[in-house]
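One-letter residues, chain by chain:
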Amino acid sequence: MRPFAYQRAADAPSAVAAVAADPRAVFLAGGTNLVDHLKLGVAAPSLVVDVSGLAVDEVEELPDGGLRIGAGTRNSDLAAHPLVRERYPLLSEALLSGASGQLRNVATTGGNLLQRTRCGYFRDTTVPCNKREPGSGCPALTGHNRYHAILGASRECVATHPSDMATALVALDATAVVLGVDGSRRVPVGELHRLPGDDPTRDTVLAHGDLITAVELPAPFGGRSRYRKVRDRASFAFALVSLAAAVRVRDGVIDDLRLVLGGVAHTPWRARHAEDALRGAAPTEGALRAAADAELLDAKALTGNAFKVPLARNALLSVLRDLTDIAPELEEDA
Amino acid sequence: MTEQLTPVEIGRDRARFDGALKAEGAAPYAYDYPVEDPLYLWTVDSTIAKGRVAAIDASAAEATDGVVLVLTHDNAVRVSGDDLEYAVLQDPAVRFRGQVVAAVVATTPEVARAAAESVVVRYDQEPHSVTVRAEDLYRPEKVNAGFPTDTDTGDLDAAMASAAVTVDEGYVTARTHASPVEPHTTVATWTDADGFLVFESSQSAHGFRRVFSDVFEVPAERVRVIAPFVGGGFGSKGMPHAGAVVAMMAARALPGRPVKYAHTRRQMFRLVGYRPRAEQRVRLAADADGTLLGVGVDVVQESSVVKEYAEQSAMPARTMYAAPHRRTSHRLAALDVPVPSWMRAPGEAPGMFALESAMDELAHECGIDPIELRVLNEPAVDPDTGLPHSSRYLVRCLRAGADLFGWYHRDPRVRSRRQGPWLVGHGVAASTYPAYRQPNNTALVRFADGRYQVEIAAADIGTGAWTALNQIAADALGVPVDEVDLAIGDSALPVASVAGGSSGTASWGTAIVTAARQFREKFGSHPAEDDEVRADVPAPTVAEEFATHAHGAQFAEVHVHEDTGEIRVPRLYGVFDAGQVINPRTARSQLVGGMVMGMSMALHEDSVMDPALGHTANPDLADYHIPVNADVCDLRAEWLGIPDHRLNPMGSKGIGEIGITGTAAAIANAAFHATGVRVRELPITLDKFLG
Ligand SMILES: Cc1cc2nc3c(=O)[nH]c(=O)nc-3n(C[C@H](O)[C@H](O)[C@H](O)COP(=O)(O)OP(=O)(O)OC[C@H]3O[C@@H](n4cnc5c(N)ncnc54)[C@H](O)[C@@H]3O)c2cc1C
Ligand code: SF4
Numbered sequence: 000m001r002p003f004a005y006q007r008a009a010d011a012p013s014a015v016a017a018v019a020a021d022p023r024a025v026f027l028a029g030g031t032n033l034v035d036h037l038k039l040g041v042a043a044p045s046l047v048v049d050v051s052g053l054a055v056d057e058v059e060e061l062p063d064g065g066l067r068i069g070a071g072t073r074n075s076d077l078a079a080h081p082l083v084r085e086r087y088p089l090l091s092e093a094l095l096s097g098a099s100g101q102l103r104n105v106a107t108t109g110g111n112l113l114q115r116t117r118c119g120y121f122r123d124t125t126v127p128c129n130k131r132e133p134g135s136g137c138p139a140l141t142g143h144n145r146y147h148a149i150l151g152a153s154r155e156c157v158a159t160h161p162s163d164m165a166t167a168l169v170a171l172d173a174t175a176v177v178l179g180v181d182g183s184r185r186v187p188v189g190e191l192h193r194l195p196g197d198d199p200t201r202d203t204v205l206a207h208g209d210l211i212t213a214v215e216l217p218a219p220f221g222g223r224s225r226y227r228k229v230r231d232r233a234s235f236a237f238a239l240v241s242l243a244a245a246v247r248v249r250d251g252v253i254d255d256l257r258l259v260l261g262g263v264a265h266t267p268w269r270a271r272h273a274e275d276a277l278r279g280a281a282p283t284e285g286a287l288r289a290a291a292d293a294e295l296l297d298a299k300a301l302t303g304n305a306f307k308v309p310l311a312r313n314a315l316l317s318v319l320r321d322l323t324d325i326a327p328e329l330e331e332d333a
Numbered sequence: 000m001t002e003q004l005t006p007v008e009i010g011r012d013r014a015r016f017d018g019a020l021k022a023e024g025a026a027p028y029a030y031d032y033p034v035e036d037p038l039y040l041w042t043v044d045s046t047i048a049k050g051r052v053a054a055i056d057a058s059a060a061e062a063t064d065g066v067v068l069v070l071t072h073d074n075a076v077r078v079s080g081d082d083l084e085y086a087v088l089q090d091p092a093v094r095f096r097g098q099v100v101a102a103v104v105a106t107t108p109e110v111a112r113a114a115a116e117s118v119v120v121r122y123d124q125e126p127h128s129v130t131v132r133a134e135d136l137y138r139p140e141k142v143n144a145g146f147p148t149d150t151d152t153g154d155l156d157a158a159m160a161s162a163a164v165t166v167d168e169g170y171v172t173a174r175t176h177a178s179p180v181e182p183h184t185t186v187a188t189w190t191d192a193d194g195f196l197v198f199e200s201s202q203s204a205h206g207f208r209r210v211f212s213d214v215f216e217v218p219a220e221r222v223r224v225i226a227p228f229v230g231g232g233f234g235s236k237g238m239p240h241a242g243a244v245v246a247m248m249a250a251r252a253l254p255g256r257p258v259k260y261a262h263t264r265r266q267m268f269r270l271v272g273y274r275p276r277a278e279q280r281v282r283l284a285a286d287a288d289g290t291l292l293g294v295g296v297d298v299v300q301e302s303s304v305v306k307e308y309a310e311q312s313a314m315p316a317r318t319m320y321a322a323p324h325r326r327t328s329h330r331l332a333a334l335d336v337p338v339p340s341w342m343r344a345p346g347e348a349p350g351m352f353a354l355e356s357a358m359d360e361l362a363h364e365c366g367i368d369p370i371e372l373r374v375l376n377e378p379a380v381d382p383d384t385g386l387p388h389s390s391r392y393l394v395r396c397l398r399a400g401a402d403l404f405g406w407y408h409r410d411p412r413v414r415s416r417r418q419g420p421w422l423v424g425h426g427v428a429a430s431t432y433p434a435y436r437q438p439n440n441t442a443l444v445r446f447a448d449g450r451y452q453v454e455i456a457a458a459d460i461g462t463g464a465w466t467a468l469n470q471i472a473a474d475a476l477g478v479p480v481d482e483v484d485l486a487i488g489d490s491a492l493p494v495a496s497v498a499g500g501s502s503g504t505a506s507w508g509t510a511i512v513t514a515a516r517q518f519r520e521k522f523g524s525h526p527a528e529d530d531e532v533r534a535d536v537p538a539p540t541v542a543e544e545f546a547t548h549a550h551g552a553q554f555a556e557v558h559v560h561e562d563t564g565e566i567r568v569p570r571l572y573g574v575f576d577a578g579q580v581i582n583p584r585t586a587r588s589q590l591v592g593g594m595v596m597g598m599s600m601a602l603h604e605d606s607v608m609d610p611a612l613g614h615t616a617n618p619d620l621a622d623y624h625i626p627v628n629a630d631v632c633d634l635r636a637e638w639l640g641i642p643d644h645r646l647n648p649m650g651s652k653g654i655g656e657i658g659i660t661g662t663a664a665a666i667a668n669a670a671f672h673a674t675g676v677r678v679r680e681l682p683i684t685l686d687k688f689l690g
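Quick mapping for you: the protein sequence lines, in order, are chains A and B. Sequential numbering from 0 applies to the first sequence in numbering that gives the first Met the number 0. Sequential numbering from 0 applies to the second sequence in numbering that gives the first Met the number 0.
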């Protein structure tokens, strides 16, 4: 038994104050990630501040044509919301590809963004892990690293960020609204997560006590979009590689596009090299291949995940072909 | 020839008689029994794979309110016997990572856990060895189920050298875990009669009683093991494991107090047995038309220093196909790893992946249909023993399956069919499992209150034994099922063999039929109150004259995504020869359950060894994948339904394990047909198709 205090937050500011005041306090939302970690001993808080009762589960239209999603909105409700399905199908697809129906009914928007890595060593308190115990080592470097990073990793940590929703939100240029002790601020979701560098204990740029109160989506990007998730079984598995893609073609050229890879890095991975290569270009097989290769030029495989490099490349190619209506050329003929 | 029952109830589709009880939560599993004033046990497991416990500091645990006992190798009761798996807490040696090195007993599970986590263990660590190296291999004296380690007939090398077509390939099966939904559980009390009362998740009440009696040197009559409902076993509950012994040690030390212990899911990856990883070299030598000249299988498998376990993976190659030159062998490496043990179809499951993959490779090499290759090499007598078959309907299964599946429309060329981005392939493989009946079974039939009480310590591990045995008893007595009161799952009942080796229904059913017939002979059709017969069944002799096996054929349609390598199995059909089927509903669930587990072995299950840490790195059901509903699509199991009169009075063959055999090969063969990529290492994951 690890005793901890439990508090049901009355409102967002008092929740923030309570957590900020205690370095070992945590927020509890749906609990699908945190409660697992309590049971595994990965999290051992002194105080649990329950924010699931805060009335922050509204999805509202914004004057600029965007959407404001309360951080307490359940994944199922968000995926099924008519405005999301109509204007941001990418987000619905991503949400529905994650976890299971039961989990999505409980998991919240804020909790989903801040879920921690699925690295098995992180979840096992009997083994070293730099993210859990700084300086103890990273067994994933030589151990079981099928699910680990090929981009942006460090010697300290090669874990991946697991959220499908976050990958789609980055592609949608979403912004998190964060309440801290000094008031509210806005953090683009694309800048929320950080690479491990030499401090893998920190998953995000948030400070202790920062509460996500909402996520805002700008007006729809237009064009066509697709969330493609590649995993080890047909459902209920984390992504080996996923891709949130949105492409706008005008007059035969790619006017603009967003490409974000999931399952390959410590953050959702904005494929800027590929985007830059294709923006303004005519969508040809050659251009798509060059773009995918440019993105993966710096990819570094570990002992057990070299396949992720061709997998990410092929995922980029096949989704981009679909979204730009070009027929695949068989590799053999190329 | 055994005198056959006239099937009336037998063969009838019956819902499980215990179904409602289970649905209502009223069927007690081991942990559910109401016991008075229970204590709870939590273990402390080693965090090194090899070495010694140098010191244990349990002062914090001992000082915790509610803790009544801390067990270590210093104070645990001494156990007897030379089975090191049960010699837990006997010495400071650590032989694998996750071995129990201490245990805490407390008044609540929460206190027990917290106290156990406060125990500080200091180790003298030694370098461990957890991966098979050629220089560590040795030849076990025999393999599981008592089969010979090696066989050698004719001259396989010469056949390989001179044959027109050969296959010589290595196949790898992954380390896999049976993870039944009910974790292994022991609720043990040392009673005032100086004996043990144990509620246990067990596939064999009497088998467990025998082990407990030996290990604790308590006469068997003073040990009672109760297990009427068991939430799955798959072999992992076929014999006791270390956890049960630890719980009983605690009970022994705390007379009168029931001690409750359920393994955590993570512990089930190290304390209850698993199927070890194996590499098999398969050699086939054939004429140009596919007629086999030689069959060879050499198995290299991991085992543990604690206890030897050799799966009989080369067995199927000894019996499946005719060929004059045959050689098989099994070699082991004893590693610092958890103790491997039985998991559904030990030997046949890995063996049939290798052999049936190689047969597909041969068919491809010879340019003949894989079904025709098998038909061509159908043996007239059992190639292993030279005995005739009691019955063998492999060819009929293949033909019936081919019709059901639409096999003959298949274009044999690889990569010849696609649906959008998916490459489509069809594959076939044979299934087999021995038809066993165990000795040492006794049943009792008593007439009381106008009803028939039938007693035998059989085990229903979710298979439907409660229902099937009732149906057998009804036909044996010539009465409707609802005049029979069955009692099973308790070592106080007449002795019964294990629910294992797919032998349960045949063994227990034969005992019930024997007792019922003697009862009728003695008391006629109008017995008096309390008339009773207890009948022992003579050991079966059929295996002296006949080879006894069940067979089947499995057909898979596999789709492989050409960009990502994702693999799906939209169709999986099986046709089996399982003799007379006792209850089609429970039989179907055994067969399709086996096939799903075979699909799981083919595509998903992979216990990943971390060589540096010396343990399984994915020990929970989030990371260790099995199929989810979305993976299982059009799944069908059918059977021929031809009774084998030589085996037992029901004419039945076991069905618990055959469903998992051959499935992985059918899927691998279909994947090859789809893609032209031959995957010889399970599981078949998408990376294996990405160049
Ligand atoms: C078996 C399983 C499979 C899964 N599969 C997938 C999958 O395929 N794809 C996928 O994307 N996800 C998957 N998930 C993860 C799931 O999506 C997350 O667990 C869930 O979204 C977390 O949301 P929650 O509300 O339950 O978070 P909680 O568990 O309550 O919290 C998670 C973390 O966020 C913090 N937190 C919560 N809300 C806030 C807030 N508003 N502000 C600041 N901090 C906050 C908590 O302190 C905690 O650290 C899976 C989970 C499980 C258990
Ligand atoms: S990859 Fe990161 S989370 Fe995983 S073991 Fe290494 S440091 Fe820990």
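Worth double-checking, as some hints may not be accurate.
Stated by the list, open to error - Not everything, but these chain B residues come out facing chain A in the computed CB check (under 8 Å):
no.	residue
1	113
2	563
3	629
4	633
5	684
What the hints assert, rightly or not - Far from chain A by the CB rule (all over 10 Å, computed), these chain B residues:
no.	residue
6	18
7	59
8	61
9	90
10	122
11	132
12	517
13	567
14	610
15	628
16	630
17	686
Note that these hints are calculated values from the structure, not bench results. Owing to the predicted nature of the structure, the values given are computational and were not obtained by experimental measurement. The C-beta atom is built at its ideal place from N, Cα and C for all residues, glycine as well.
**Message:** Could you work out which of the previously given hints the structure breaks and list their numbers from low to high?
**Reply:** 4, 13, 14, 15, 16 and 17
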